[in-house]
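Engineer: Following the hints, put chains E, Z and L in place on chain H, whose structure we already have.
Each chain, written out:
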Amino acid sequence: MIHDFTYLQPGSVKEALAMLAEHKDDCKVICGGQSLLIVMRQGLVQTEYLIDIKGLNELNYIKYDDKGGLKIGATTTHRAIEKSDVIAKKYPVLVDMEHKLASIQVRNWGTIGGNLAHADSAGDPAPVLTALNATVKVGSAKGERTIPLDEFYTDLFETAMEPGELVLEVQVPAPAPKTATAYQKFNLLESDQGIVAVAVSITIDAGGTCKEARIVLGNAASTSIRAKNAEAVLVGKKLTDALFEKAGEAASQECEPVGDIHASEEYRRHLIGVLTRRMAKAAFEQAKKMG
Amino acid sequence: MEKKLLRFTVNEAPYEIYVNPKTLLVEAIRDHVGLTGTKRGCETVSCGACTVMVDGMAVKGCSVLAMQVDGMKITTVEGLEKNGKLDPIQTAFLDEGAFQCGFCTSGMLMSAKAFLDETPKPKDEMEIRRAMEGNLCRCTGYNAIIRAIDAVAKGNYREDKQ
Amino acid sequence: MSENKYSVLNTRVHNVDGHAKVTGRATYTFDVTLPGMLYGKILRSPHPHAKILKIDYSEALKFPGVIAVVTGKEDTLGVKQGIWRRYKDLCDEAILTVDKVRYIGEPVAAVAAVSEEIAEQALDLINVDYEVLPFVDDPMEAIKKDAPLIHEGFERNVNVTRQISWGDVEEAFEEAEYVREDWFKLGGQHHMCMETRAAVANYTPDGKLTIYTSTQSAYYHQALLAGVLGLREGNIRVLAPYVGGGFGGKFELDGAQFCASVLSMKCCKPVKVVFSREEDFIASKRRTPMYYYVRTGVKKDGTFCAREAKVFTNGGAYTGMGATALYLTGFFHSFPYRWKAYRYDGYRVYTNSLPSTSMRGFGAPQAMFCSEQQIEWIANDLGLDPIEMRRKNGHYEGYEVPGQATIASCGLDQALTAIQKWKTSKGKLPKNRAIGISAAGFMSGGIFNWFDSPYSFSSAVVTINHDGTVELHVGAQEIGQGSSTTLAMICAEALGVKLEDIKVHMGDTDHSPADLGAWGSRQTLMAGNATKMAAEDAKKQLLEFANAKLGFNIIYDLDIKQGWVYNVARPERGMSYYDLCKEALRGKEGQRIIGRGFYTPRRKGMISPAYSYMVQGLDVEIDPETGYLKIHESVTAHDCGQPINTLGLIGQLEGAASMAIGFGYYEYLPVEDGKIMNPNLVDYKLIRAPEMPSCQVIEIDTYEPEGPYGAKEAGEGLTNPHAAALGNAIFYATGLQMKEAPIRAEAIAKAWKEKNEKAKK
Amino acid sequence: MSVICPVCKKVKKNPVDCARHMFGTGDKPHRAWFETQGLSFIDLLLDQATQPGNKSYELVGGYVEKAQKDLT
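Chains as they are written, first to last, in the numbering used here: chain H, 1 to 291; chain E, 1 to 162; chain Z, 1 to 761; chain L, 1 to 72.
Since the hints were derived computationally from the structure, they do not count as laboratory data. Note that CB positions come from ideal geometry on N, CA and C, so glycine has one too. Incorrect hints may appear among the rest.
As the list claims (entries may be wrong) - Going by beta-carbon spacing under 7 Å, a handful of chain H positions derived as facing chain E:
(1) I2
(2) D4
(3) Y7
(4) Q34
(5) L37
(6) I38
(7) Y49
(8) K54
(9) I104
(10) Q105
(11) R145
(12) T146
(13) S191
Chain H extracted, bound-state conformation (with noise of 0.2 Å):
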């Protein structure tokens, strides 16, 4: 049962962040409310005002251009990503993760402002878009300002932003040379949350050695977290299978699962360095291949 609230149906972004400023930490925000009217139906989430951000159409576009990169309006619904002729050019790894995201429907509604906002740690594009180097751009009534993703999120379901402030757009930088990025979550449907999700972004120089290396581990920690004792491992290296095994225990280690009845923690645990592994492995094959 929902508790009842004040539905606010802003004309513009200028006029959304007015009432933010106003209600503060009195209202929530809906975009496309996939996840959000789940919570508010089994009570956990009440709010005095709701301010409906679904509609605003100075949101929702998809922009990308070599020297700025992408940039992603937050009302910009899931499917619009998948659908996207430029991502699909650019960054093939989004719109895989978007085919495996929820249902249609979900994709339909569901936004990528609402859903990075939400901050569950079993969240798909986070851990995608964290691995791309991505970053949030957040508003409020005082102004604008960015914040790296791998930053974004502070606690489960809690993100780095004030009261008052909106997530407006998604920047991720445009694709660096010989760079790759594989994403796999594992779970028994192939569209649920993953009972753990691995992305993993590899760049080498010419002579194959890993210049980069961002691994994000999705569901693996209270929000979805980059291994950097992982990376540590592979940069700088040639790199071989037995570095990805290694780089692979080193997730494993790091990450700080909890055990639920989907998956105990040891069980994440190996997961989280088989998909290491698995993923470095495949990015590193396709950045091989790139020219």
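Structural biologist: Same frame as chain H, but now just chains E, Z and L:
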């Protein structure tokens, strides 16, 4: 709680209704408009029994506030047939026995219809299966549903073939 | 496939209720709204075991919009009921409990209000004082001497014991040259009907109750409600026009039906109670979890000598249908093989958890998971071909299961051959991929009259109108399995008319003859026989008139086929069935022609009049490092006698496969501290379209003399073999022996890791 | 050596078989007989169920044998 005016089109008929803003789309359709073909099977946006089309897109009616579809066009299972003539996907469901208890069927049909409108020529069976991923069926094991959608995609129900 | 000799049977037809279902016109209990209707909500126990000291609902009654609150103590007769009406001890559930709660989710009070939301808010205003008692939720703990006692008089929480035996087990084990024993653990499974438990009860001051409900047996609910409410059966009308799934979970009295009725009787207004999905999970029963010990002795050549099983089942808080599951698991554990000696000791144990009951397969899926894997391991241990070993020991036509059943038709041998052929055709599979097979058999209509019904098991009335349309009244219940279509087809075939001529009337106790309902795979055989008999009775009357009318020599035989009434020796000579109907009614002074039929099994053993057989093959790919399973293909060789409803049959088998794969792999239903840990569809994993494998069905041609047109069970039995077939595929791909169902990915990954570590050492 | 069940008089092929029958039937009259012999029906039943071998059956079989002389 102050009720809000919602104007929307359901199966091509215009409706103006007053709803509590927390009213879900599926509640507006079932309880306010009175169309009970759309079902509900969970509280967690999991089962897809409440799937309807919003401006041509398949959406789960329990995952959307009714107020969010203000001004939009809704199609429910009752809107599939035209002047008593079934939509090809409905006929295909009959021909393949793509339903048993029937409780998930409305949602299945709406997902299938939206998918076929968007993807008249799916590249393989797995694409159809993935399109139906958001709808649970406890009876059929899905395969008959997939066969029905495939039959429509293959053109077996085109006017000139009937 | 031989040419179809029937004009309606075994053809692809549209379901008779299909049009309503694909257009959204089908009205389920969930959709029923009556004028002046109130909404009921149930307050449930938060404790697995507690005494109710006091219930104070005065604040709830003051809440605007609340019309009534009922409790077990004040508003019910406190009758303990159950479906085992012949055994009063096993009638142990009051539904709205009177003095004690025994599981989390048990109904404690119910509220009726003008809206669902108000009713739900009012629940928070009811104060219940509980004296919390120690609880136990595992059967092996519950039988210990110091375990808390859940029901008075049931020492050490043993609810029911069942024994089955034949032959001299000790002697037969001595003859065996190889003996293997294993312990298995089987989890629960939720029915997960798409339509949750729902009822709209409408009690009127003239003492009559009408109830719309989602049920597998309108007649059972009529009788059960009469017992608990103190009404005459005939004053209760149960309506179930469309039912959103049953699977064995909807023929006991449930909280929605009982609370809606009690509230309606208090208010004299219609009251609707619909379970939320979470309520449905925590308070609508489940497949019975079991601990299974199996000891099997064979000769070195693979001849089966003896088998012994000891089983402890987690009965949960009440008996329900669980006692039958306890019996059937023991019986089907012997299937489909001949054992010189067999002994089964089953113990159903009360625990403080969700009651366990019947669910598609009714105890057999648990038994087959253990039996069919152990048989595979034995064949492997002895270096024998597992398919040939099964064939060597399998049932055959005419075999008598000692003291239990006689097998009148059996296609096991052919089914094994078909699967062997498929397996061979697959050739050598890639690494980590293997074929697992499993055989099974199942009943075709349970012969259990624990309900002590005075009525025939199935009845049918066929009425022919002047225009040739036919009213088929049956008490059988359509729950999605297609029985309305199957029975209409049988009726049309028997009468010799078109399927469109038949109108089926079911799901209404006022207008359908009593029938035990849709459980135990009984409708095709039992309601089918009753329908056939009624149609033949009506046909006989029509033909009497036709004889008079057509004036053939009396030595000629007449028949009707596809609407043509004709001389069998001269088929071109005859008349239209439709013309005949018009005139025949005149000849009866305007009375319609009415045929009656019934079926009650006699001298058919203790379990079932007939048995279906099947062999299941699964092609499975395993990622042993993660435990992920991908099922590439499912092939079933299936003996269901004469197929009746072609599309329905395929649908039933595919549906059974999806549920059986769920039991074997996806559908984990953990209980911790008496609490179901995943009572929602996010955390309870139901197979979805991308994971469902393609299914091929190979029909094995047999004829069952007891079945209508030779038909028998299809759709329930196939829930039995898949879990074991999955386990057997895992065994061949990895060498791992998985003894717990569902086989969890984590368990596979763990066992694989341990195996590799051991190998390293 | 066939014996007669001291409660329902069914003929069983030996005392152990008869004991098993008595546990298996388990209704009130059969349970009551255990009490008259100073035995606990349920404890013996569960011992039999949870321990290897046939100890409870053999024990009760002994009582059944002793009871035979009063039955004929």
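Engineer: Compare the structure with each hint and give your call.
Structural biologist: How the hints compare with the structure:
no., hint, result
1, I2, "holds, 4 Å"
2, D4, "holds, 4 Å"
3, Y7, "holds, 3 Å"
4, Q34, "holds, 5 Å"
5, L37, "holds, 6 Å"
6, I38, "holds, 6 Å"
7, Y49, "violated, 10 Å"
8, K54, "holds, 5 Å"
9, I104, "holds, 6 Å"
10, Q105, "holds, 5 Å"
11, R145, "violated, 29 Å"
12, T146, "violated, 29 Å"
13, S191, "holds, 5 Å"
Hints 7, 11, 12 from the list above are not met by this structure, while the remaining hints are.
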